[in-house]
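A.B. asks: Spelled out from the first residue to the last, the chains are:
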Amino acid sequence: MEFFRIQKVIPFMRHVLVLNVISIALFVIAVAAIAVRGLNFSIEFTGGTVMEVSYPKAADLERIRGTVTAMGYADAQVQNFGTSRDVMIRLPLKDGSGGASARQSEQVIAQLKAVDASVELKRVEFVGPQVGAELFADGALALLIVILGIMIYLAARFEWKFAVAAIIANLHDVVIIVGFFAIFQWEFSLAVLAAVLAVLGYSVNESVVIFDRIRESFRKMRRASTEETIDYAITSTISRTVMTHGSTQIMVLTILIFGGPTLFYFALALTIGILFGIYSSIFVAAGVTLWLGLKREDLIKPIKKKDEGEVELP
Amino acid sequence: MNRYPIWKYLLMAGALAFGLIYTLPNFFGESPAVQVSSGKATIKLDAATVTRVESIVEKAGLEITGMIYEGGSVRIRLRDTDSQLKAKDALAAALNPVPADPSYIVALNLLSSSPQWLTAMKALPMYLGLDLRGGVHFLLQVDMRQALTKRLDSMTADMRVQLRERNIRHGGIGREGNTIEIRFRDDATRTRALGVLRDSQTDLNFLASGEASNLKLVAQFKPEAIRRVQESALKQNITTLSNRINELGVAEPVIQQQGLERIVVQLPGVQDTAKAKDILGRTATLELRMVCESPDEQAAFASGTVPLGCERFTERDGRPILIRRQVMLTGDSLTDAQAGFDNQTQEPAVHLSLDAKGTRIFRDVTRENVGKRMAILLFEKGRGEVVTAPVIRTEIGGGRVQISGRMTTTEANDVALLLRAGSLAAPMDIIEERTIGPSLGAENIEKGFLSTIWGFIAIVVFMCIYYTLFGVISSIALAINVLLLIALLSLLQATLTLPGIAAIALTLGMAIDANVLINERIREELRNGATPQAAISAGYDRAWATILDSNITTLIAGIALLAFASGAVRGFAVVHCLGILTSMFSAVFFSRGLVNFWYGRQKKLTQLAIG
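Chains as they are written, first to last, in my numbering: chain X, 2 to 315; chain P, 153 to 763.
No wet-lab data here; the hints were simulated from the structure. In this text, a Cβ means the ideal position worked out from N, Cα and C, and glycines have one as well. Incorrect hints may appear among the rest.
Partial list, derived from the structure: chain X residues whose beta carbon lies under 7 Å from chain P [unchecked claim]:
1) 184
2) 192
3) 263
4) 266
5) 269
Calculated lysine to aspartate or glutamate pairs in the EDC-like style (CA-CA distance at most 20 Å, straight line) [stated by the list, open to error]:
6) 429/P <-> 581/P
7) 221/X <-> 595/P
8) 429/P <-> 295/P
9) 509/P <-> 449/P
10) 524/P <-> 547/P
11) 58/X <-> 117/X
12) 211/P <-> 182/P
13) 524/P <-> 404/P
14) 9/X <-> 188/X
15) 427/P <-> 449/P
16) 374/P <-> 449/P
17) 58/X <-> 595/P
18) 95/X <-> 581/P
19) 196/P <-> 222/P
20) 196/P <-> 494/P
21) 221/X <-> 677/P
22) 58/X <-> 121/X
23) 427/P <-> 229/X
24) 9/X <-> 677/P
25) 429/P <-> 117/X
26) 9/X <-> 676/P
27) 427/P <-> 107/X
28) 524/P <-> 581/P
29) 221/X <-> 676/P
30) 196/P <-> 469/P
Pulled a few chain P residues facing chain X out of the computed Cβ check, cut under 8 Å [to be verified]:
31) 387
32) 388
33) 491
34) 493
35) 495
36) 591
37) 597
38) 696
39) 702
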């Protein structure tokens, strides 16, 4: 079985200008969304308390909200989590010492028990303000180190134009993923950050594979233009690109379906990352190398002995 | 060209065997067990206790299906949860005659049901994180400023006494923030004081300042002394926490230092956070009191009444003892306790260091009570225990107290530990808390397992249809990858969390990438007219460079995450990194071996089953 019996070289680069304009537009929208709406950070980053409680029957959110508000938490969030019986309560940090905030969850569950004794506490997570701030800094540092590490690796492995192109393509992905989280105000947790980093490492692969092919094609096709060579390289890897991303996406999809609410946004971030990863490594990464003026001489050293012979373009 | 030398096949077989053996314990599951460990620093769990434990359970008519004795605790495996509860009750009743004052911790636990030979090979099931097994996690921040000021306060008092003893007149001594300031009227006195203090207070740097009639000595901690004070404060807090947590009856508590001033406490299976917090925050106190020894009091005691002003306690050997209510000295005055030996008799002893105030009181008390007994009591949870009640031989000044007599070296060590560990060196704040109910833990395991298994099946079906035989080989390689990954996680006892399970699933999705790459390359080579054998060889060789590249970039991301993440996400990073390594082995080396085994010998190969 084969999905891609491609006989002709697909002229990917013909529409690269239009697509790059779209990319820039998406990028700008994402950045604007992050700047304007901001991210809905989980308490891991902001500090605060999250409680997950479960009732034997569908929970009465209004009553729970009333109970919590009556305790003086006017800006507490009460919402369903996964099923109608499970409720998630988010409490902001209390002013004063860490001890006061740490005791919040006990007081709230005691009050909820007084209203309805059948409530069961499933999970509590309390993060103090200093821990949240540290996680935030660590997360940002991790992101920076990944970008730098990949850049150094690519620069050593390829020509600098490739390294720049790959990083632009992948930052484009990262910004768009984060943009989605800003636009829809999905909760941005530490797990989502992990997913973003994993995507970053993963979709650089895609650029690497394509660049490898471009280099190889330059060697084989001496007379073709840069644009034609890139088209040929992408055409010959497109089958692999779709297959590998497809198989990874199968896995991510099962996490999305079966993984439950804890892993939902993690899987969602991966999904967006994988889909945009395909697009960006073809159109953004290859496109940027074209803009940067990639030439045969950049990749093939003039001193050459014999080659494997030319491949005819069909 | 597509042949493996025999050693490569052996390596494959070896990897397979390793994977199978170390994955195996995860399939046996866990069975109910009861864990007995020492509840007090003064009680050691030895072989005799193990025999006793065994006989108690057998006497209760319960069958022991397995037993592990290691690291000062014994775990007994039982047939079902019913007999587990019965065994726990029987053990608790027999080992702890006074339930309010347990000598041993009897806790419910789970023990791997895998056969003995697996356990002997250190093949254990994966270590589940709190989000999968349920429990409480606390991150505590030690208030180091307070630890330092506490220490400075006691040093100030020490120095005041020293100066008075040497008749050095000063114009006042006191702590100012992080320094101690001593004022003097003339330079000669200051020089003398400096000489004395420099010799005795080696942790401090002294600086002379001021002029005319307002001369000063400013003392400050040396940087290395600050570190030492902080380290010892942290260690003491950890010891104290361990002692307190023992009483909760938690089977496998984790109490670890994190960074320079934080302590992680993990209590698997504990649901009652309120009680846990209460216990973590409590303080224990040490008290020095006199023993009621007057003939009248002894007579009254013998007849069974407790005379006025006295209290009844039990000594460590179980004998009752009558102790005065009046407290001479509390643990606040104690600066250190170390085990050692008596200088003259070479008997094991405990050396206590008191601060200045304590030294003065202690000298007065001992001078007035030579020949009488003094008791050292440790109060915890409002209940006192007599650590020791020695006879005062002579007046003791200088703040160095030695407790000796009728002690073994171990006992001396334990008493010193107990005295040191009695209280927290500095207050702590809970800065992070995570509680996961047991039902949620089980749900999380199920969710993680379901996503992995369905994803795996989907990929296998897809690969087998799309690449036929090569798809089957890729799928086998993928299965080997899971096997090796789980085996490694089990062997390393890395903590598996829910994001960790997601990482297993994700790793599988990414690992198949390598096989797709190889298979596509082989197809391409065939399309370009290569012979089947040459296509296999070229396909693997050419794909290898790409696979290496992509895995390195993924690994960079994984390692950065490993370095900065904490908690459950760290579990993701661990699995992700390990998975990348195992996938390179299985997807390239192992699958090539299978291909070689299948096709390598066929000289006149005309076709490959690659779809």
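A.B. asks: Now, for every hint given, state plainly whether the structure supports it.
C.D. replies: Evaluation of the provided hints:
1. Given hint, residue 184/X at the interface with chain P, is violated; its Cβ is 24 Å from that chain's nearest Cβ, farther than 7 Å.
2. Checking residue 192/X against chain P by beta carbon gives a least distance of about 5 Å; that is within 7 Å, so the hint holds.
3. Against a cut-off of 7 Å between C-beta atoms, the interface hint on residue 263/X holds, since the closest Cβ of chain P lies about 6 Å away.
4. Contact between residue 266/X and chain P, as hinted, is not supported at the beta carbon level, the nearest pair being about 12 Å apart and thus beyond 7 Å.
5. A distance limit of 7 Å between C-beta atoms decides the matter here; for residue 269/X the minimum to chain P is near 12 Å, and the interface restraint is violated.
6. Taking the CA atoms of residue 429/P and residue 581/P, the gap is near 10 Å; set against the 20 Å cutoff, the hint holds.
7. Restraint check for residue 221/X and residue 595/P: not satisfied, since their Cα atoms lie roughly 55 Å apart, outside the 20 Å limit.
8. A C-alpha spacing of about 17 Å is found between residue 429/P and residue 295/P, which places the hinted pair at or below 20 Å, so the restraint holds.
9. For a cut-off of 20 Å, the pair hint linking residue 509/P to residue 449/P is broken: about 31 Å separates their Cα positions.
10. Between residue 524/P and residue 547/P the CA atoms are separated by roughly 11 Å; this keeps the pair inside 20 Å, and the hint holds.
11. With a CA separation close to 11 Å, the supplied pair residue 58/X and residue 117/X stays within the 20 Å bound.
12. Under the criterion of a C-alpha separation no larger than 20 Å, the hint pairing residue 211/P with residue 182/P is inconsistent with the structure, at around 25 Å.
13. The hinted pair formed by residue 524/P and residue 404/P fails the criterion: a straight-line CA distance of about 44 Å is larger than 20 Å.
14. Using a Cα cut-off of 20 Å, the hinted pair residue 9/X and residue 188/X is violated, with the two alpha carbons roughly 45 Å apart.
15. A distance of roughly 40 Å separates the Cα atoms of residue 427/P and residue 449/P; the hinted pair therefore is violated under the 20 Å criterion.
16. A distance of roughly 52 Å separates the Cα atoms of residue 374/P and residue 449/P; the hinted pair therefore is violated under the 20 Å criterion.
17. Taking the CA atoms of residue 58/X and residue 595/P, the gap is about 18 Å. The hint holds against a cut of 20 Å.
18. In summary, the hint linking residue 95/X to residue 581/P is supported, as the alpha carbons are separated by about 14 Å, within the 20 Å threshold.
19. Annotation: proposed proximity of residue 196/P to residue 222/P holds, straight-line Cα distance about 12 Å (limit 20 Å).
20. Under the criterion of a C-alpha separation no larger than 20 Å, the hint pairing residue 196/P with residue 494/P is inconsistent with the structure, at around 24 Å.
21. Between the alpha carbons of residue 221/X and residue 677/P the distance comes to roughly 15 Å, so the proposed pair stays at or under 20 Å and holds.
22. Simply put, residue 58/X and residue 121/X have alpha-carbon atoms about 11 Å apart, close enough for the 20 Å limit, and the pair holds.
23. The hinted pair formed by residue 427/P and residue 229/X fails the criterion: a straight-line CA distance of about 71 Å is larger than 20 Å.
24. Using a Cα cut-off of 20 Å, the hinted pair residue 9/X and residue 677/P holds, with the two alpha carbons roughly 17 Å apart.
25. Using a Cα cut-off of 20 Å, the hinted pair residue 429/P and residue 117/X is violated, with the two alpha carbons roughly 24 Å apart.
26. Proximity of residue 9/X to residue 676/P is assessed by CA-CA distance (about 15 Å); at most 20 Å being required, the pair is judged to hold.
27. With a C-alpha separation of about 11 Å, the suggested pair residue 427/P and residue 107/X falls inside the 20 Å cut-off, and the hint holds.
28. Distance hint between residue 524/P and residue 581/P is unfulfilled; the C-alpha atoms sit about 43 Å from each other, more than 20 Å.
29. Between the alpha carbons of residue 221/X and residue 676/P the distance comes to roughly 15 Å, so the proposed pair stays at or under 20 Å and holds.
30. At roughly 15 Å between alpha-carbon atoms, residue 196/P and residue 469/P fall within 20 Å of each other, so this suggested pair holds.
31. Below 8 Å, beta-carbon pairs count as interface contacts, and residue 387/P has none with chain X, the closest being about 22 Å; its hint is therefore violated.
32. Restraint check, residue 388/P versus chain X: the minimum CB separation of about 21 Å is more than 8 Å; hint violated.
33. About 35 Å separates the beta-carbon of residue 491/P from the nearest beta-carbon of chain X, more than 8 Å, and the hint is not met.
34. Proximity of residue 493/P to chain X is violated relative to the hint, the smallest CB-CB distance being about 43 Å (cut-off 8 Å).
35. Here the hint on residue 495/P is broken, as its CB sits about 46 Å from the closest CB of chain X, past 8 Å.
36. For residue 591/P, the suggested interface contact is upheld, since its CB lies about 7 Å from the closest CB of chain X, less than 8 Å.
37. Of the supplied interface hints, the one on residue 597/P is violated, with its beta-carbon coming no nearer than about 11 Å to a beta-carbon of chain X, more than 8 Å.
38. The beta carbon of residue 696/P comes no nearer than 11 Å to any beta carbon in chain X, farther than 8 Å, and the hint placing it at the interface is violated.
39. Because the smallest distance between the Cβ of residue 702/P and any Cβ of chain X comes to about 3 Å, under 8 Å, the interface hint for this residue holds.
Hints 1, 4, 5, 7, 9, 12, 13, 14, 15, 16, 20, 23, 25, 28, 31, 32, 33, 34, 35, 37 and 38 from the list above are not met by this structure, while the remaining hints are.
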